[in-house]
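Protein sequences, first through last, are from chains A and H. Numbering-wise (the numbering used here), the first sequence opens with residue 25 and increments by one. Numbering-wise (the numbering used here), the second sequence opens with residue 7 and increments by one.
These are computed hints drawn from the structure, not numbers from a lab. Ideal Cβ positions, reconstructed from N, Cα and C, are used throughout, including at glycine. One should not assume that every hint holds.
Unchecked claim - Just a few of them, taken from the derived set where beta-carbon distance is under 8 Å, the chain H residues facing chain A: (1) G566; (2) V579; (3) G581; (4) V602; (5) R603; (6) D607; (7) I610; (8) D613; (9) V615; (10) D620; (11) L621; (12) R625; (13) V626.
What the hints assert, rightly or not - Chain H is nowhere near these chain A residues, computed Cβ spacing over 12 Å in every case: (14) T26; (15) P77; (16) A125.
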Amino acid sequence: MTEPFILFTVAGTTYALRSRDVAHVEMVDQVTAVPNAAHFVDGVVFSRGQVVPALNLRARFGFDKAPTDLSTRLLVVRDGARTVGLVVDAAREFVPIDPAAIQPPSAALTGLSGRYLEGVANIGDRLILVLNLAATLTFEDPVLEPHT
Amino acid sequence: MADDAFLAGFMDDYFVECEEHLATIRRLLLVLDAGVGQPAVQPQALDELFRAFHSIKGISGMVELREAEMLAHHMESYLRALRARETQLSDAGIDALIRGVDALEQTIAARRDATPPPAVDLVVRELAAVAPEAGGPRAAAPAAAASAALASWRVTFVPSAALLARGVNVDMVRARLRDTGTIVDATPLVTPEGVAFEFMFAGDLAPETAAAWAGDGIRVEAVAEPGPVPFDGAAASPMDGSARVATSHVVRVDLGKLDDVMRIIGDMVISRARLDGALAAAEAALPPAIWRQIQENTQTIERQLRDLREGVMRLRLVPVGEIFRRMPFVVRDLARETGTQVRLELRGQETEIDKFLIERMMDPVLHLVRNAVSHGFEPAAVRAAAGKPAEGTLTLAAASVGESVVLEIADDGRGIDAAAVAAKARALGFPLPEGPLDAATLLDLLCAPGFSTRDETDRASGRGVGMGVVKTTVEELNGSMTLQTAPGEGTRFVIELPLTLSITDALIAHVGERVFAVPQGAVREVIEIAPAAIRRIEGHEIAPFRGGTLPIVRLGRVFGVPERAGRALHVFVVGAGVDAVGIAVDRIAGQREIVVRGMADALIKVDGVSGATDLGDGRVVLILDLPALARRGRRLAPGASVAPRPGVEAR
Chain A
25 MTEPFILFTV AGTTYALRSR DVAHVEMVDQ VTAVPNAAHF VDGVVFSRGQ
75 VVPALNLRAR FGFDKAPTDL STRLLVVRDG ARTVGLVVDA AREFVPIDPA
125 AIQPPSAALT GLSGRYLEGV ANIGDRLILV LNLAATLTFE DPVLEPHT
Chain H
7 MADDAFLAGF MDDYFVECEE HLATIRRLLL VLDAGVGQPA VQPQALDELF
57 RAFHSIKGIS GMVELREAEM LAHHMESYLR ALRARETQLS DAGIDALIRG
107 VDALEQTIAA RRDATPPPAV DLVVRELAAV APEAGGPRAA APAAAASAAL
157 ASWRVTFVPS AALLARGVNV DMVRARLRDT GTIVDATPLV TPEGVAFEFM
207 FAGDLAPETA AAWAGDGIRV EAVAEPGPVP FDGAAASPMD GSARVATSHV
257 VRVDLGKLDD VMRIIGDMVI SRARLDGALA AAEAALPPAI WRQIQENTQT
307 IERQLRDLRE GVMRLRLVPV GEIFRRMPFV VRDLARETGT QVRLELRGQE
357 TEIDKFLIER MMDPVLHLVR NAVSHGFEPA AVRAAAGKPA EGTLTLAAAS
407 VGESVVLEIA DDGRGIDAAA VAAKARALGF PLPEGPLDAA TLLDLLCAPG
457 FSTRDETDRA SGRGVGMGVV KTTVEELNGS MTLQTAPGEG TRFVIELPLT
507 LSITDALIAH VGERVFAVPQ GAVREVIEIA PAAIRRIEGH EIAPFRGGTL
557 PIVRLGRVFG VPERAGRALH VFVVGAGVDA VGIAVDRIAG QREIVVRGMA
607 DALIKVDGVS GATDLGDGRV VLILDLPALA RRGRRLAPGA SVAPRPGVEA
657 R
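This is chain H alone, in the form it adopts within the complex (with noise of 0.2 Å):
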């Protein structure tokens, strides 16, 4: 049991399972907060709340987290008193519950995290303040209840190949517990290193018994309080039989094993494609029978690989409700601090979004939802002069469109005030172009390190990250943020995501020596253009498209790569209408499957670059970042509009 390897597996299931139970709980206590005041509060909910508390009590107890442990057992104090209408819902029970449960997760975060616990003797206080029953020195500290006539134990037995040799098995634990006392509750756990059995025990166990019980892998522990209430038959028992079929058809899979199979899939499609390298280069020395049959076999591999990443990818995806759920108490800690009326409403919460990129962006996503809370609304009179209702409103949306997901989180506030930004801007001396900015510029600024639009760190929204994290994070999941705001109007972060790690299909641009991957998703289409049919005008090119112009950007020259000189050259079509951009190269050089890496360090982040694949040959192949060139092109564009387009513009 003291092994650390087991006691590091045991923790990590310790932390998947906690996070489940406090999803569930942040979800059922917002079914709480509807019911405030009311006689009988949703009965179910009640029930399923005290469960989750309850097994995060124990499972907290044999990490020996006695925080976690404690807080637990004052929340299912303070349930169990409300189940047996004992006390009735308050909102000062509600408001307990809630920073009942922030501290209680903030203390396994530490733990997980290795840093200090937070401080919870306020917040246990004002939840014994609100349980009727507790409240007392027995409150305070469990532990001390230990002694009680009819003592509870939690017995914990891990089954062993040499203990099953001794004929020490589950069933023999069980009847030797029977003998001695009552089982109350009996819990496998499935740990890493096999199964384990936890059983809650109430009973008169000697120490002696206890002590030969340990050589058998029967480890007994007081438990602070009399065991828990079984639930009463009739309502507990379908509950039970769901959540066990439930556990014997889902499997927890540990996201670093999913990795690795993603990772060797990913070697697999690079050396597909080396044998797909190689037998073209054998098509001449290959009878053409044979030639065509190995080709449709690759082939035949090509078409088996994708549908096996697809279905790996579908196994990492999960609900983007896992990142909303929490911010109902976020948005409602926050108006209340602050005293904005804000009304949170969300949407798609399930669309599915790949576990790693949720995870990575819940911080980022906090933090946009701690900003717009914080500074986004205007006072309810001004939004009332100004013919809006008193209060705000704060969407979460997320949306699947094609390979992508789309999460939004918009206000209907005051909008950011560009000019303000812009003259902050420049005296912090940021370089920046004469006149109003576009809104690409403004969410640079507003992302730039050192720059905030507040003299002072904002408390909530200066806490953990800041808009200069949100960007990195984007842009290490290969994403995209883009911002619409307009004074009065309010604020809109749009943030484009790859719905998983990818790969994707990519166009191969070769320019001069160099080698380029050009993702094809961002390609409308691919001309060729003769050089003579390039004009220079005001030092920019323009060609001729469709009875119009195309700006066109040569890559070679953007990058300072020599082109060779003279024949056609193929070009990129980026945008449509007004807004189309070519990309000129020396030669597309056939279609390949790449496996996207980023490329987020600061010292290789260059615009027009948006990350690095590997063609199989071992060295780094540049991904061009289409719509950034395509910027560049029609800022260069003679006659394009200094302003911005509509609808971007941060007015």
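If we strip away everything but chain A, and leave its shape as in the complex, we get (with noise of 0.2 Å):
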């Protein structure tokens, strides 16, 4: 049993995410900035009618943001019901995995990404990262806004 998963990329590294949970891929334009959003939150955009954050997978991951180019691809994704918008340095493929083939990701392998990640997959001769989405969109540090 495989699953479609979509191929994308972060700094050099090749992500997967299921194709289920991509609601659709943009080219990014016109990113509005949100003031005091996390530094990983690059701004909203609009994707069809709806205002989605554009969360920048490399500052997540710790790298330096990228200008954009006409690969940066904006991967919208759902999670429950959450629609958000991941800014990638470029996504193209699509490729059947079986979920049973995806390793536990070891710590030695991945970076600051490794807390984000599902787990392994080798296509061929590749190295492809799975993402964990609930992990990757969770906002782990609410603080809470002082009133006073």
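Using the supplied hints, reconstruct the complex from the two chains, each of which is provided in its own coordinate frame.
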């Protein structure tokens, strides 16, 4: 039993997400910055009439942000009731992956992105990191805004 | 008939219809509740209830939701006995009915949400116990009665063009049924695919006949018990008549379709704004007379769009009573469980609000009500000692205020212990300022994820949603919530919601390269201030204003956006008197009608931004939350008292 995954790259590494979690893929343009949002949030965009946060995966994984170019893509993903756009360097391919072939990530293999991983899969000679969507989107440190 | 799309459409219709019947039932149960122990209770209410259960039974049978059919059947039986005065309405009877209705509602909701249905055996037994002629094996398994001498059948006919071409129409079906037996009841059903007819039919129907009819779009189904008793003529006919009149004048519209229309209107508002922009740019290029004529036309379109929008919005409004209606039962049950004496006061049930908002607010209001009943009231003895009536009062009120609806959930109970909340918050590691909590911080804490003033999860209030969800829901709906509480005096939650999904007038503000939209409702005044007039005191800025001073919040500094230097600032004045705060921007550039879209995702929820809009170029423009920015200004203002303003203080 295989499942379709969408492959994308962030800072030279190939990642995968289940394509059923990806609503659609867009070109990135006209991101409106949201003041005082987390550093990995580029801002907001309209996606099909909805206001969607644009989460920069480079920044999320601890890399420097890169300027937007023609290959930059916005992966609009759904997690429960949430819709979030992931800014990635490129997204081009769909591949079928057998979920059973996804191995737990080894700590040595991955850097900061390790905590956002579901596992690792080998497709041919390529190593692909399968993203844990919920962990990626979780806003870990909800700080209560003091009112006084 | 087996077509999935058809079935899905039909199920939608089923849920809507059940909802309506359940609403009627809940209203009538309250009427009955008041008449317990009296020899003959409100015959009209009994008739109406009986009919509602009967309808649910019928349609539940059609969609093969057997548990619902069975529950409705038992309640119908009990009501039949009451109508025939075979038994008297007792407390046990009312309780059984209320629990039966709860179970019925849960059963239907479980089918709608595709979740496992609740266990209904206990409730069924309870109902069987109160109904005198029920209780035997027939009641437990109504299907067993189907082999009665003169069997009852539910016959459904779905007309189609193909059948019509063969001469099969509803009159012919009716004639066939009459030839074979008696039509007890006939109901036209409106489905998204068209009209269908349901007949309750008593007669001797051979399986071959049924099979032959199947080819003509006629579906035959054995009914559990002898057909429904037709209502006694005089009492029933006026009701039937009015029901029929109502049906022909009321259109039931899927909310999604209204949403589509609303979205198109929103798009048109944006298109018109674009046209306006293009027209402004073309002013120099066009002969003045022609330019004016075009401009007048776009203004007419603007006015007409406004009317159209209001018209569609009115279609979506329903009385707030829909939320309130079920509350008496919740309060009654919970009060009994917790041994609290509570009187529920409902006010402003006729206040109208958008249907979508009402559906989203149902669970949050339910949560606040449960919280109030479970934790809000002191024991009767404590109340008496404090000179309060032993019975607590829970008030649910609604009122329209301009373009908003205000919902209030208030109790006269013990109030929230702000010190205890603060202590717990500090223990949990929430960063808190020293000193007493103000009401807004208290509310934020209560709504913070992982925070609850009770250590154990309370059964009643822990169900479904927590305070966090209440807050998120209100914010997603572009509303706001405030809390007032005082020890010994009670707790009041005030939720302000927009009347409908908003299109609103906004001022467009620029700071450096950034553009923001500012809802006009929050702006008291717009003034211009020369930079030289702004003075700095203790690191905060103030400007002279009306003989006093006005604390100034520079938006660019709050948001870390470079400002344009040198020229006069445009300032939005928010609040009045000593509460007035000025929010300064580089420039205010005109007024626009904007379509408000929510921004509720935690990633982009920041203080001072309430939503987003589109000014016609496809780019997101943030909508400022002026009240939040003003709160910041009041906090920063020199000499502003550290203590919160009276009236909202959580002491």
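Verification of the hints:
1. Interface hint status for H:G566: upheld, as the beta-carbon distance to the closest one in chain A is roughly 6 Å, under 8 Å.
2. Interface restraint check: H:V579 against chain A, minimum CB-CB distance 22 Å, threshold 8 Å, status violated.
3. Annotation: H:G581 was flagged as interfacial toward chain A, and the flag is violated, the nearest CB pair being 16 Å apart, outside 8 Å.
4. The closest approach between the C-beta of H:V602 and any C-beta of chain A is roughly 10 Å, which is over the 8 Å cut-off, so the hint fails.
5. Hint on H:R603 holds. Least Cβ distance to chain A is approximately 5 Å, under the 8 Å limit.
6. At its closest, the beta carbon of H:D607 sits 5 Å from a beta carbon of chain A; the interface hint therefore holds under the 8 Å criterion.
7. Among the interface hints, the one on H:I610 holds; its C-beta lies about 4 Å from the nearest C-beta in chain A, closer than the 8 Å criterion.
8. Annotation: interface hint on H:D613 holds; nearest CB of chain A at approximately 5 Å, less than 8 Å.
9. Here the hint on H:V615 is kept, as its CB sits about 7 Å from the closest CB of chain A, short of 8 Å.
10. For the restraint placing H:D620 at the interface with chain A, the shortest Cβ-Cβ distance is roughly 6 Å, inside the 8 Å limit, so the hint holds.
11. At a threshold of 8 Å, the smallest CB-CB gap from H:L621 to chain A is about 11 Å, leaving the interface hint violated.
12. About 5 Å separates the beta-carbon of H:R625 from the nearest beta-carbon of chain A, less than 8 Å, and the hint is met.
13. At its closest, the beta carbon of H:V626 sits 4 Å from a beta carbon of chain A; the interface hint therefore holds under the 8 Å criterion.
14. With a least beta-carbon separation of about 27 Å from chain H, A:T26 lies farther than 12 Å from that chain, consistent with its non-interface assignment.
15. Taking the minimum C-beta to C-beta distance to chain H, about 4 Å, the non-interface status of A:P77 is violated against the 12 Å cut.
16. Consistency note on A:A125: stated as away from chain H, and its beta-carbon is indeed over 12 Å from all of that chain's, at 31 Å minimum.
In terms of the numbered hints stated before, the structure departs from hints 2, 3, 4, 11, 15, listed from lowest to highest.
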